[in-house]
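Protein sequence lines correspond, in order, to chains Z and B.
For the first sequence, the numbering used here begins at 171 and goes up steadily by one.
For the second sequence, the numbering used here begins at 4 and goes up steadily by one.
Just so you know, the hints here were simulated from the structure itself, not pulled from any lab data.
Every residue, glycine too, gets a C-beta built ideally from N, C-alpha and C.
Incorrect hints may appear among the rest.
Computed Cβ-Cβ distance ranges for the label pairs, DEER-style [said to hold, decoys possible]:
{"#": "1", "chain 1": "Z", "residue 1": "D373", "chain 2": "B", "residue 2": "F164", "range": "46 to 54 angstroms"}
{"#": "2", "chain 1": "Z", "residue 1": "Q386", "chain 2": "B", "residue 2": "T294", "range": "39 to 47 angstroms"}
{"#": "3", "chain 1": "B", "residue 1": "G99", "chain 2": "Z", "residue 2": "M171", "range": "46 to 54 angstroms"}
{"#": "4", "chain 1": "B", "residue 1": "H58", "chain 2": "Z", "residue 2": "N285", "range": "41 to 49 angstroms"}
{"#": "5", "chain 1": "B", "residue 1": "V295", "chain 2": "Z", "residue 2": "Q372", "range": "50 to 58 angstroms"}
{"#": "6", "chain 1": "Z", "residue 1": "Q372", "chain 2": "B", "residue 2": "F164", "range": "39 to 47 angstroms"}
{"#": "7", "chain 1": "Z", "residue 1": "M171", "chain 2": "B", "residue 2": "I241", "range": "41 to 49 angstroms"}
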Amino acid sequence: MLDVENLSITFHAGTVNEKKALDNVSLHLDDGDFITIIGSNGAGKSTLLNCISGTYENDEGYIVLDGKEIQFMKEHKRAKMIGRLFQDPLKGSAPDMTIEENLGLAYRRGNSKNNLYERFLKIGLTKDEKEFMKEKISQLDLGLEERLSTKVGLLSGGQRQALTLMMSTINTPTLLLLDEHTAALDPKTAKKVMEITDHIVQDNKITTIMITHNIQQALAYGNRMVVMSEGKILMEFNKEEKEKLSVEEVMKIYHNKSTQDLSDKMILD
Amino acid sequence: MSLNTILGATELGLIFAIMSLGIYITFKILNFPDLTVDGSFTLGCVVSGIFAINHHPFLGILFATLAGCFAGMMTGFLHTKMKVQYILAGIITMTGLYSINLKIGGSKPNFSLYGFETIFSHFRNFLSSTLHISNEVILKNHKLILLLLILIIVTTLLYLFFKTQSGLAIRATGNNEEMVRASSINTDAMKIAGLALANAFVGLCASIYTQHQMFYDISQGIGMMVVGLTSIIVGESIFGKRTLLNSFISLSLGAILYRLLLSYALSLGMDPNDWKLLCASLVAIVISFPTVKTYIQKRQKRAKAKGGSKSC
Chain Z
171 MLDVENLSIT
181 FHAGTVNEKK
191 ALDNVSLHLD
201 DGDFITIIGS
211 NGAGKSTLLN
221 CISGTYENDE
231 GYIVLDGKEI
241 QFMKEHKRAK
251 MIGRLFQDPL
261 KGSAPDMTIE
271 ENLGLAYRRG
281 NSKNNLYERF
291 LKIGLTKDEK
301 EFMKEKISQL
311 DLGLEERLST
321 KVGLLSGGQR
331 QALTLMMSTI
341 NTPTLLLLDE
351 HTAALDPKTA
361 KKVMEITDHI
371 VQDNKITTIM
381 ITHNIQQALA
391 YGNRMVVMSE
401 GKILMEFNKE
411 EKEKLSVEEV
421 MKIYHNKSTQ
431 DLSDKMILD
Chain B
4 MSLNTILGAT
14 ELGLIFAIMS
24 LGIYITFKIL
34 NFPDLTVDGS
44 FTLGCVVSGI
54 FAINHHPFLG
64 ILFATLAGCF
74 AGMMTGFLHT
84 KMKVQYILAG
94 IITMTGLYSI
104 NLKIGGSKPN
114 FSLYGFETIF
124 SHFRNFLSST
134 LHISNEVILK
144 NHKLILLLLI
154 LIIVTTLLYL
164 FFKTQSGLAI
174 RATGNNEEMV
184 RASSINTDAM
194 KIAGLALANA
204 FVGLCASIYT
214 QHQMFYDISQ
224 GIGMMVVGLT
234 SIIVGESIFG
244 KRTLLNSFIS
254 LSLGAILYRL
264 LLSYALSLGM
274 DPNDWKLLCA
284 SLVAIVISFP
294 TVKTYIQKRQ
304 KRAKAKGGSK
314 SC
């Protein structure tokens with residue numbers, strides 16, 4: 171499904187700010203895998219996702235998705251296969267356009283079955299498409315199906331994030347990337363959006379990578395967990411190992427890692 | 004003001020409404036203040052004028068529109084592919100167009116279309132000889148009728164375009180670029196398309212303007228961007244901007260109002276050279292209005308709080 175092989179990227183190469191954000195990272199995902207990634211700030215989690223989606227071009231290594239090498243493919247071309255959600259709930263939808271227009275855009279463009287006329291020049295949505303969208307959005311259980319012609323800018327952060335989730339999965343993507351997509355929401359809404367996410371991912375068997383700072387979330391969802399640190403993959407846990415782990419034990423891994431950093435530094439000094 | 008002045012001002016307003024539609028696309032929809040306009044307007048004028056002198060006024064309209072379209076694409080290319088800042092990209096295209104406009108005009112900075120056929124004279128002939136209309140009022144106002152028809156047609160087409168998938172993609176690009184890229188749409192292409200469309204409208208407007216005025220001058224385009232902006236701002240603040248169609252109608256009415264005000268000010272004896280300063284000030288004031296308002300509100304709130312604490 172997804173093969174990330176020896177991926178490296180360095181920012182500001184050749185200056186004092188040089189930072190190796192990813193250092194020889196390799197990661198393999200099978201069809202239907204749901205991986206959670208945890209790690210402290212600057213560990214390279216978001217950079218990894220940005221390399222896979224094409225926001226950054228990696229310096230070394232390669233990325234294979236569904237048998238296709240994609241590391242030189244442009245971002246918007248990769249987006250046909252990859253759905254993405256960011257931490258900022260405002261990033262995923264256009265505020266001055268209605269819910270229906272937002273969904274329509276995501277639906278029509280991503281659907282390669284549509285011909286040129288349907289993808290570029292067709293006006294509005296057909297009755298069937300409207301029904302389909304209503305049905306899809308009612309799955310969110312937020313009452314949005316009655317407000318299809320409301321401008322998205324008037325929705326709350328949680329509602330917008332749920333809508334973005336719908337937009338990026340309305341044509342089932344090959345890969346779904348979630349970059350702390352519930353971190354900016356209040357605990358109750360975050361829980362709800364996370365449940366909806368899990369529901370959609372399980373129902374459609376979407377291969378997913380999710381970054382989170384919430385260790386409990388990382389343990390509760392998905393079938394594998396990866397711990398990253400300083401641009402490297404520190405540890406990997408499979409389903410059985412993950413089920414046995416507790417939040418405290420994961421905290422201990424973090425702690426050990428940071429004291430080790432400290433002692434390394436002291437030796438250097 | 005006489006009725007004739009009012010009608011004349013309305014005609015010009017209808018013409019400039021087309022340009023305002025173009026500027027609306029860049030300024031409001033794409034969020035891209037496009038200075039190409041000052042150059043592409045003159046380009047439209049000169050192309051239309053040269054074709055009219057060579058007895059092809061209709062081809063003049065067509066090619067002026069296409070020329071505007073290319074000018075917009077140039078700015079779009081500079082901005083998206085060459086990473087030139089958007090203001091600078093517009094200025095570069097506009098500056099380059101000055102020489103091109105002179106070349107097209109045969110190195111003449113101005114010429115008259117007097118005695119040549121225009122779309123308006125053709126339309127008058129069409130009304131009287133093909134449709135056999137002999138009503139004096141209609142024939143006298145043939146320009147007004149033609150302009151109204153053109154404006155209604157282009158506004159409808161533009162409105163429908165923004166309902167299509169491509170139109171939605173352009174709107175979304177100005178609204179949230181990241182989301183558009185995530186929906187696997189090429190935002191660079193959308194920006195170039197939007198700029199091309201906007202400047203096509205400017206070219207169309209300019210081509211009609213020259214044939215209406217029967218005159219071309221190299222300096223006709225100066226300050227056109229601000230003229231368009233004034234129409235949009237005046238129109239939207241008076242006639243509303245709830246929906247896209249509402250905005251389109253508002254800015255057309257704004258363009259007409261702008262011309263009526265100009266005629267009125269001139270009839271009161273204002274120096275025409277002062278008009279641009281007045282417009283520029285108006286745009287600056289209206290755009291800065293919300294900021295000044297919040298500043299004053301904050302001051303008042305602070306003063307109130309101070310007064311309150313003293314009385315305690």
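Comparing the hints with the structure gives:
1. Z:D373 / B:F164: 46 to 54 angstroms: violated (37 angstroms)
2. Z:Q386 / B:T294: 39 to 47 angstroms: Between Q386 of chain Z and T294 of chain B, where Cβ atoms are some 44 angstroms apart, the hint holds.
3. B:G99 / Z:M171: 46 to 54 angstroms: holds (51 angstroms)
4. B:H58 / Z:N285: 41 to 49 angstroms: Distance hint for H58 of chain B, N285 of chain Z holds at roughly 42 angstroms.
5. B:V295 / Z:Q372: 50 to 58 angstroms: holds (54 angstroms)
6. Z:Q372 / B:F164: 39 to 47 angstroms: holds (41 angstroms)
7. Z:M171 / B:I241: 41 to 49 angstroms: violated (58 angstroms)
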